[in-house]
Each structure stands twice: as structure tokens, then as C-alpha cells.
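Peer 1: So the chains spell out like this:
2 protein chains.
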Amino acid sequence: MYLLNGESKHTIELSDRGFQYGDGVFETIEVLNGTPVFLNQHLHRLFKGCDRLLIPCPDKELLQKEAFQLAKGSSSAVLKLIITRGSGGRGYRQPDTIQPTRLFSLHPFPDYPETFSLHGINARFCDIRLGLNPYLAGIKHMNRLEQVMARSEWNHSDVQEGLMMDINGNVVEGTMSNVFVVKGKVLYTPAIEQCGVEGILRDIVIWLAKKQQVKVIEKTMTKEEIFFADELFVTNSIIGIWPIKKINIQKYDVGLLTQQLQRLFLAFKQEEFHDC
Amino acid sequence: MYLLNGESKHTIELSDRGFQYGDGVFETIEVLNGTPVFLNQHLHRLFKGCDRLLIPCPDKELLQKEAFQLAKGSSSAVLKLIITRGSGGRGYRQPDTIQPTRLFSLHPFPDYPETFSLHGINARFCDIRLGLNPYLAGIKHMNRLEQVMARSEWNHSDVQEGLMMDINGNVVEGTMSNVFVVKGKVLYTPAIEQCGVEGILRDIVIWLAKKQQVKVIEKTMTKEEIFFADELFVTNSIIGIWPIKKINIQKYDVGLLTQQLQRLFLAFKQEEFHDC
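These protein sequences, in sequence, are chains A and B. Take any residue in the first sequence, note its place counting from 1, add 276, and you have its number in the numbering used here. Take any residue in the second sequence, note its place counting from 1, add 276, and you have its number in the numbering used here.
Just chain A, with the same shape it has in the complex:
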């Protein structure tokens, strides 16, 4: 189901710069009982991305209204929101007047078994590396060939996520998630100044951990630090927090801090949800 600039449509102008150049940003939002979860946080990141890409973002109230309009009646779904620079002529130069495109689409919630949250997933390291570019780092923009190519590296259903390294060999994130390491009493997550996406769940997990007086360090992280982690987990807005139980031949227990953060996260989500 699509809502394109407020209208129910399933096609878009070929001249749209989202199609021509990946010239836009997006959000992937969980829908629970007709409510887009963490919508404010998603819109906040969307506005930040638009600011950095110089795309005039549509009005917040309008986006909120349309998000609820599409989510209404769905007990569980995924809502995707795309903002592009709108239609333009051939060539990279922006049109003099930008009329951004806004697109909401509603998708089925993936059929993930509960065991992924409870007992963890299997992960792998991807071959394709993330390029370094501080100018675009953090933004959830529509240039996603690296993730597409990384996700194409495996096809068997017994591996749920692939971790990606940058061209220097540092671990940055999963193809669709951010990654966290517990070592001793400290929570580590890769810095995303050079590449990677600033995940909504990443921010929430960091905030929840700090509230519990857990030391959180964002830093450049090596493959070795992943291998020698006490606990390892990935996060995104749809999966929540998934422990990693195995990466290549290395095995991990679902640790206490991971479980604590899962509980805190669910409680926080419940709270936010009731405030809507």
C-alpha cells in the first residue's frame, strides 16, 4: 500500500531524482496496533538527513498525519517513508525550485521467529567493504548499493545478518543493523563518523545503557574485538535487539547485559507507545 504525496499510487515519475540518482533519504518504521513506533525519533533523523542533503523536507505535521493514516488498522507492519529531491531535469544539478517527493509504503512485518531475540542469530562477515565518506556518514540516504551487494553474498536462511567492515578492515555495522559489543562491563559500538548509519535503535540502546550507568564507548572496532566479545548483538527498528550466537565459527552466549537491554528497551517502547 502506497501513499505518494498524499495520493494512493503505485508508480512514480521517471524524472524523480530518487530514481535517477538515489537522491533522497528514508526511514523504516515499525507499526504496532495502528501506531508508527518511535515516529518522532524517525522524523528527527529524517529532518537531519534532509538538512545535510539540502532537501527541503515536508512539514512534520503532514508527515505525522500521513504516517498514522497509512498505519491505521495494521496490528503489525513495516512503514517505509522516503523523501526525495523530487523531479528534475537530466544532470546532477538540482532544479531551481525543489518540490520534494514524499512516499509512505506499508509492508508486512517480517516473519522472524521468537528464537532470534531469545537465543540469538547466526551472522557472517561480508566480503564487500563500506566506502569511507564522512560527508554522507550517518545519513539513512538512498544510495544503498553497498548494502545490496553485501546482502547478495549469502542466500541460506540459517544466516540472519552480515557484518560489514570498512575499506580499512574495521567493523562498522550489519547490512541492515548496527552492532554492539559487550566486553567486561563496557558496551562498545563502532563509530560512524566515516561511514555507517546512525540507527534509531542504536541511539536508544546507547541512551538506555548510559541511564543504567553502563559505560558506552563509540570507537573504531577491529574484527578481533568482535571475535573476543563477551556478548554481541545487533539492533534495528524492526528487529529490536538480536543477540548474535555465532559468527563464522565463533560462538557467544546471550549475555546478561544484552538481556537487560532487551528488557529495558521493551519497557521503553511500551512507555513511548502509551504516550502516542
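Calculated directly from the structure, the hints in this document are not laboratory data. Fair warning: there could be bad hints in the mix.
[What the hints assert, rightly or not] Result set (BS3-like, lysine-lysine): computed pairs, CA atoms no more than 25 Å apart in a straight line:
(1) B:Lys416 x A:Lys416
(2) B:Lys285 x A:Lys285
(3) A:Lys416 x A:Lys461
(4) A:Lys416 x A:Lys285
[As the list claims (entries may be wrong)] Here are some chain B residues pointing at chain A (derived, C-beta under 7 Å):
(5) Arg369
(6) Thr373
(7) Ile374
(8) Ile404
(9) Gly407
(10) Arg420
(11) Thr451
Think of the CB as a built atom: it goes at the ideal place given N, C-alpha and C, for glycine as much as any other residue.
Given the coordinates of chain A, assemble chain B onto it according to the supplied hints.
Peer 2: Below, chain B alone, put in the same frame as chain A:
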């Protein structure tokens, strides 16, 4: 004018991965007297790009037929060809069966004054840098936010092109062109192993120069090497060869080798054109 999978249309499915993720490749081809110029070379690069991105490319004969179909009757135009991975579900994972999308579009030829070729253009250095990623380097893919952002840095018509550096400060290419430096009797052009596009004109110019026994070196190039060039020019399939007469405050003459390559290129184009 558009030809989408063989049909005259102006919209595309919102689920197309070209729109969702910039998941595709493109070519920008000159049309002269109803003929797409250097079509074989463009299709060759397109196939190479599809191969690297694991997109099953449509049949060459079909693409040739449709290219001529759209170009027919145009004395001078720009033909853009896009191949995407086609429609797919939400998420980076490729669909099990890929039905690639092919799109031809015909655009007016830009109104460039003859003086750009004859007396040169003004250029600038862009602030936004190119990210490094050998996995995607060379391919003319649809993830073009870096170029879009670089081209947004200036709006005055007295600057025709911006040169882009990579995150290490090495000069790689223009926002829409490749760049060449003449120093002494040697022709230099930036290596494109880490980032940048392998331009059709870039390949032709290298080949033409070598045929004339001119030494051609592809290497990492600094901003200083640009400043201290004897001759400086940029190339692409639409502009051909444009000398740079000024970049920032540095001025250049339109040099002898640049003029020779312009003549050789026009002759070669004429030859190819008659072979069509």
C-alpha cells in the same frame, strides 16, 4: 520521451529497486543525426557494470534496437539508458528471480557555446569529497549523491565544472567528467581504482593519445599537479573534450596536445559514426 521496457511510459513502479536503493547502472549517450554515438562502447561498459553488480543485463540486440528506435529523427540529443535490478520486496535482499528494468529516455542536447571547446571553461574545486570504495569504483552506477552534492556547491553560470577530490585529498574527476593533465610531453589522468567513473571518453582519449606515441600515465594525482599542469582538460560523452582555462585563480592556455586530441577525437567520432 521515455521507453520503459519497450513501452512509452513516464512512470515506474515504486517497488523498483532503482528507486528504492539506486540499485542499477546508467549510460549517457550522445545522439547525432538519429544515431547513438559510441553505442557499442556504452553497452560494453553497461554490461561490465551489470556483471559486477550481478544484474542480469537485457540482450544487447534489444538494447541496440530500442536505442535506435528512440534516437531516430533526432538530429542532436542526449539518450540516457538505465538498467535496474527491477522490482523487489522491501529490504536489501535481491528477489529470487530478477527481472531487470530497462529505461531509455531522450533529452535535449545542452546548449553549450562553442567557446567551451575552443577557448576552455572555468572550473573550481568542490568541497565535498569522493568516498573510497574499490568495490564500486569505475562503475557508472545509480548511487550519485556525492555528485549531486558536489554540483550543488555552485550556481553561477560562469563556472562549468567542479573537480572532486577523494577523502585523502587526491583529485579524481569532475562532477560529470574525467580530468586530464598534460605536463611536459606526458598525459596524466587520475587512477580510478578507489573511486571515480571509467568514462567512455576517458578510454577513447587514452587510446588516441597512445596511438600517437604519447605516454599516458594513470596515477594518484594531487591538487598541486593540477595547479602546475601545462594543459588541463575534462572529458565526457556529451561535452567531448573541454580545455580548462581557469581553476580558482590559476590560468591555463589551451595547449597543443589538447587541441590535437580534440581533432583526433572528432575524426575518430566521424569514422565510428560512418560505420554505424
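Peer 1: Hint by hint, which ones does the structure fall short of?
Peer 2: 3, 6, 7
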